[in-house]
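Trainee: Letter by letter, the chains look like this.
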Amino acid sequence: MLEVEHLNAGYGLVQVLNDVTLSVPEGAIVTLLGANGAGKTTALNTIAGLMRPWSGQVTFRNRRCDALPAHRIVRQGLSLVAEQRELFLSMTILENLMLGAYTRNDQKEIRESLELVFEIFPRLAERKAQVARTLSGGEQQMLAIGRGLMAKPSLLLLDEPSLGIAPLVVLEIFDQIRKINRLGVSVFVVEQNAKIALEVASYGYVMENGRITVEGAADVLRSNPKIQEAYLGI
Amino acid sequence: MNLRTFLKTALAGSLALATALPAYADSTGITPTSIKIGFIGSLTGPAAIWGSGNLAGAVLAFEQQNEAGGINGRKFEWVSIDDESSAPKGIAGFNKLVQTEQVFAVIGPSASAVGVPMKSVLASSGVPVIIPSFSSPDMTEPLIKNVFRTGTLNDRMQGRAIADYLVQILKLDRVAIMRQSDQYGATGAGAITDRLKELGKAPVAVETFNASDTDLTSQVLHLRGADPQAIVIYGYPAPSAIATRQIRELGIKSEIIGSSATSNQNYPEMVGKVGIGVKFVAVGDLPESDDKPMADFRAAFQKRYPDLARQGRPATSDVTGYGAAKNVIEALRRAGKDVTRENFMAALETFDGYSSGVTMPTYLSPTRHEGNSQMRIAIITPELTREILPGAIDAK
Amino acid sequence: MDILQIVANGVPAGMMYGLVALGIVLIHNGTNVVHFGYGEQITLSAYIVVVLQVIFHVPFWLACLVSIVLSALFGLAIYLGILGPLRRTPLIVQIIATLAIGLGIREGLRAFMGPDPWPFPAIVANKVYDVHGVFITTANIVVVTVSIAIAALLFLFFRLSRYGHAILAACESPRGASIVGISVKQVSAAIWVLASVLAAVAALLMAPVLTLSPDMGLIAIKGFCAAILGGFVSLPGAIVGGVLLGLIETAAGYYISTATKDMVAYGALIAMVIFMPQGLLGKRQIKKV
Numbered sequence: 160m161l162e163v164e165h166l167n168a169g170y171g172l173v174q175v176l177n178d179v180t181l182s183v184p185e186g187a188i189v190t191l192l193g194a195n196g197a198g199k200t201t202a203l204n205t206i207a208g209l210m211r212p213w214s215g216q217v218t219f220r221n222r223r224c225d226a227l228p229a230h231r232i233v234r235q236g237l238s239l240v241a242e243q244r245e246l247f248l249s250m251t252i253l254e255n256l257m258l259g260a261y262t263r264n265d266q267k268e269i270r271e272s273l274e275l276v277f278e279i280f281p282r283l284a285e286r287k288a289q290v291a292r293t294l295s296g297g298e299q300q301m302l303a304i305g306r307g308l309m310a311k312p313s314l315l316l317l318d319e320p321s322l323g324i325a326p327l328v329v330l331e332i333f334d335q336i337r338k339i340n341r342l343g344v345s346v347f348v349v350e351q352n353a354k355i356a357l358e359v360a361s362y363g364y365v366m367e368n369g370r371i372t373v374e375g376a377a378d379v380l381r382s383n384p385k386i387q388e389a390y391l392g393i
Numbered sequence: 033m034n035l036r037t038f039l040k041t042a043l044a045g046s047l048a049l050a051t052a053l054p055a056y057a058d059s060t061g062i063t064p065t066s067i068k069i070g071f072i073g074s075l076t077g078p079a080a081i082w083g084s085g086n087l088a089g090a091v092l093a094f095e096q097q098n099e100a101g102g103i104n105g106r107k108f109e110w111v112s113i114d115d116e117s118s119a120p121k122g123i124a125g126f127n128k129l130v131q132t133e134q135v136f137a138v139i140g141p142s143a144s145a146v147g148v149p150m151k152s153v154l155a156s157s158g159v160p161v162i163i164p165s166f167s168s169p170d171m172t173e174p175l176i177k178n179v180f181r182t183g184t185l186n187d188r189m190q191g192r193a194i195a196d197y198l199v200q201i202l203k204l205d206r207v208a209i210m211r212q213s214d215q216y217g218a219t220g221a222g223a224i225t226d227r228l229k230e231l232g233k234a235p236v237a238v239e240t241f242n243a244s245d246t247d248l249t250s251q252v253l254h255l256r257g258a259d260p261q262a263i264v265i266y267g268y269p270a271p272s273a274i275a276t277r278q279i280r281e282l283g284i285k286s287e288i289i290g291s292s293a294t295s296n297q298n299y300p301e302m303v304g305k306v307g308i309g310v311k312f313v314a315v316g317d318l319p320e321s322d323d324k325p326m327a328d329f330r331a332a333f334q335k336r337y338p339d340l341a342r343q344g345r346p347a348t349s350d351v352t353g354y355g356a357a358k359n360v361i362e363a364l365r366r367a368g369k370d371v372t373r374e375n376f377m378a379a380l381e382t383f384d385g386y387s388s389g390v391t392m393p394t395y396l397s398p399t400r401h402e403g404n405s406q407m408r409i410a411i412i413t414p415e416l417t418r419e420i421l422p423g424a425i426d427a428k
Numbered sequence: 003m004d005i006l007q008i009v010a011n012g013v014p015a016g017m018m019y020g021l022v023a024l025g026i027v028l029i030h031n032g033t034n035v036v037h038f039g040y041g042e043q044i045t046l047s048a049y050i051v052v053v054l055q056v057i058f059h060v061p062f063w064l065a066c067l068v069s070i071v072l073s074a075l076f077g078l079a080i081y082l083g084i085l086g087p088l089r090r091t092p093l094i095v096q097i098i099a100t101l102a103i104g105l106g107i108r109e110g111l112r113a114f115m116g117p118d119p120w121p122f123p124a125i126v127a128n129k130v131y132d133v134h135g136v137f138i139t140t141a142n143i144v145v146v147t148v149s150i151a152i153a154a155l156l157f158l159f160f161r162l163s164r165y166g167h168a169i170l171a172a173c174e175s176p177r178g179a180s181i182v183g184i185s186v187k188q189v190s191a192a193i194w195v196l197a198s199v200l201a202a203v204a205a206l207l208m209a210p211v212l213t214l215s216p217d218m219g220l221i222a223i224k225g226f227c228a229a230i231l232g233g234f235v236s237l238p239g240a241i242v243g244g245v246l247l248g249l250i251e252t253a254a255g256y257y258i259s260t261a262t263k264d265m266v267a268y269g270a271l272i273a274m275v276i277f278m279p280q281g282l283l284g285k286r287q288i289k290k291v
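Protein chains in written order, with this note's numbering: chain A, 160 to 393; chain B, 33 to 428; chain C, 3 to 291.
Calculated directly from the structure, the hints in this document are not laboratory data.
Owing to the predicted nature of the structure, the values given are computational and were not obtained by experimental measurement.
Each hint should be verified, as a subset may be incorrect.
Chain A regions said to be covered by chain C (calculated; three or more residues, Cβ under 8 angstroms) [claimed, not checked]:
{"hint": "1", "segment": "218-230"}
{"hint": "2", "segment": "245-258"}
The calculated lysine-lysine pairs, modelled on DSS-like cross-linking and capped at a C-alpha distance of 25 angstroms, are [unchecked claim]:
{"hint": "3", "chain 1": "B", "residue 1": "K285", "chain 2": "B", "residue 2": "K203"}
{"hint": "4", "chain 1": "A", "residue 1": "K311", "chain 2": "C", "residue 2": "K187"}
{"hint": "5", "chain 1": "B", "residue 1": "K203", "chain 2": "B", "residue 2": "K177"}
{"hint": "6", "chain 1": "C", "residue 1": "K129", "chain 2": "B", "residue 2": "K305"}
{"hint": "7", "chain 1": "A", "residue 1": "K287", "chain 2": "A", "residue 2": "K267"}
{"hint": "8", "chain 1": "C", "residue 1": "K129", "chain 2": "B", "residue 2": "K285"}
{"hint": "9", "chain 1": "B", "residue 1": "K428", "chain 2": "B", "residue 2": "K151"}
{"hint": "10", "chain 1": "B", "residue 1": "K233", "chain 2": "B", "residue 2": "K428"}
{"hint": "11", "chain 1": "A", "residue 1": "K354", "chain 2": "A", "residue 2": "K267"}
Just so it is clear, CB atoms sit at the ideal spot from N, CA and C, and this is done for glycine as well.
If we strip away everything but chain A, and leave its shape as in the complex, we get (with noise of 0.2 angstroms):
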């Protein structure tokens, strides 16, 4: 569903994304695994379009789509939370995950998806009033996957969605992912929380100075001896 071809990225004359390769099967969950600052994040910006590559491809569903803007990008059904989460901080729940709905016309079916946000995330049932600002890391990241689920992705872009939350809530979280997936959305997530990236995912690339180093199904990599030692604290 979405192919990645010898990407090459970086930040003015800095190179940060070396001939990246990696693809994600239609209804997966695939992850991308790595240290910080090993060019994940670039990674999945480039991917979304909030930066351009310099070199390489990304097929989206048989659709070049690396020389499109961040924008035009979502109405192709790909969906980025951001690692900074990127919200709406002084508008309400609701008027952010509205927003997030702001390529569909459809009201009923825009009605729709916000009654499945909710059904999966019910803490931004109870909330929808308040004024993101005032939520919780974890009711944050929640957010920022509704708002990215609003716009009724075929596949998800999580950036580090365990980041700064606190262990319960993150297991939360992946068990929401887990929902998500099952829904039929297909998820590309990056995290540098590998033990439970790797439970959930089927598949994982493990990247290092912005070179993909090691791919393998998930439970392949979970007994893979280096990344047991390097990223499993095993």
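Since the structure of chain A is already known, use the hints to place chains B and C on it.
Mentor: The following block gives chains B and C in isolation, referenced to the frame of chain A:
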């Protein structure tokens, strides 16, 4: 010869040389076939309202003279410099005219805010300077040997004449003043107040406003509280128009008289219907007048400057610029073939009522460099046009 | 009785400051740029009406409409031609660009339209009503009603409409807006167009009252004060700040002295910045606009 006597001799020698200098005939800017005149004035910035007209009018006069064969076999050449409504740029521009361009005489500057700070530079240059329009008395009182004004009556004389008009001709007692907060308004209002005192009266209220003010309610309410029979507005056209409107809108029915700065062709329409009957000081004939010399000037001006004609020009500043250049031409004529700066200035000092046809007659003498000595009053008619009232008031 | 007159005149005078502040705040919120040429954009719109009327003999109402359209296009041109390309330059560069735009317009108008003031027709024939000794002019009534209506419309647009929300979202988090599908460039362009339309409407209200000259845009200095008093981020705050400034000026001029009225007004401004830096309506910054 010891050192002391040497110094004495040297001193005496240089003194003799120095005193001999004025006799040295200065004909900078004059060639057998040409006379080079400099123009310094505000072509951009807030004072452009005067400067651009001064230049347009002066250029027209020189062009007409050149077409008529020039003066004493010489054609006019001119260089103009924009002071951007700023005194430092005015000084730099004037120095450039004198030192680099080597002009014979200079017309300008065009606004008090630029001209007054230039005073010492103008004076020390020794170059004849003819001021077409701005009205600060500082330039002529006390007299500066090489600085002459042909245009607008100065603010001290204008203020006195306004007071005379209100008290002696209209027989009014209760005069209030609404003045701009700068030097222009201060000088005019001061002169009115001084003259009222000489006449045994005092202004019933003096209010100030800034040239950029957009609402003058508080000032006008103060004026209303003083119940004046006449209000003199001493300021630039835009704030004066606002003041006039608000005075009427807040129910004051007194006489209103504006200073010469409000002698602007668009003023009646700027003020609108409430301005009917409002008076103002005219510095000469109105540019829209049908008198022959003015009608000729207007036709020539509009032919020469179709773009300006579209803007409703000629305006008063065009007329004063034209008048200044006409005065220069006449003085050159009187100075004769062997013209120098000295005999040019001496020729100017012989003017005893020379009339350019469109400005007030010029009276100059070795003891007087203020050319204008009369004030006329104009009024806004019910058709929102302007009309000069009969009679002129002598200004002292 | 005079106190009532002070209110009756101070409020409309302040509304005009508020109108200028509205445009400034709008552009600042939407693009982070403080537009120092906004006053001149207002002046330009008024001159367009004069040019159409006096030179091309277009009827007044049509001239007003054309001026609004041209002003919108001009705003778009400023964005596409100048501030859009400068988007990634330091803020100071963008601010200097706006100053240059203002200066260019002002001196351009002086060169092509002459330095003299131009008469400008009133939208509604000016009449003065004497209400028990308080004089009220139609011009002032029009200024007050139209200003309130514009502020209310803008407020509702941003609160209730989808596109209004999208603009707010883009102002608050440009990346967040991009990833939900909002084109930030389009939003910036829309803001410039909106603010420029506002400038044209403000021009129609102000020019007959303030006297149209190339320097009319200098009223923007008061507009900035009004914007700061209102917190610089709030649209209703801009109008409230303007009215407050108008009232302070008029009251200070009347009760203290006219020479000090600007001092008192700017003093109030400085006090506001020191003691209430968030401005009058900026306290609970729930909405950025």
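Trainee: If a hint holds in the structure, say so; if it does not, say that too.
Mentor: Now for the hints, and whether the structure bears them out:
no.: 1; hint: 218-230; verdict: holds (count 3)
no.: 2; hint: 245-258; verdict: holds (count 9)
no.: 3; hint: B:K285 / B:K203; verdict: holds, 17 angstroms
no.: 4; hint: A:K311 / C:K187; verdict: holds, 24 angstroms
no.: 5; hint: B:K203 / B:K177; verdict: violated, 39 angstroms
no.: 6; hint: C:K129 / B:K305; verdict: holds, 10 angstroms
no.: 7; hint: A:K287 / A:K267; verdict: holds, 19 angstroms
no.: 8; hint: C:K129 / B:K285; verdict: holds, 16 angstroms
no.: 9; hint: B:K428 / B:K151; verdict: holds, 22 angstroms
no.: 10; hint: B:K233 / B:K428; verdict: holds, 19 angstroms
no.: 11; hint: A:K354 / A:K267; verdict: violated, 39 angstroms
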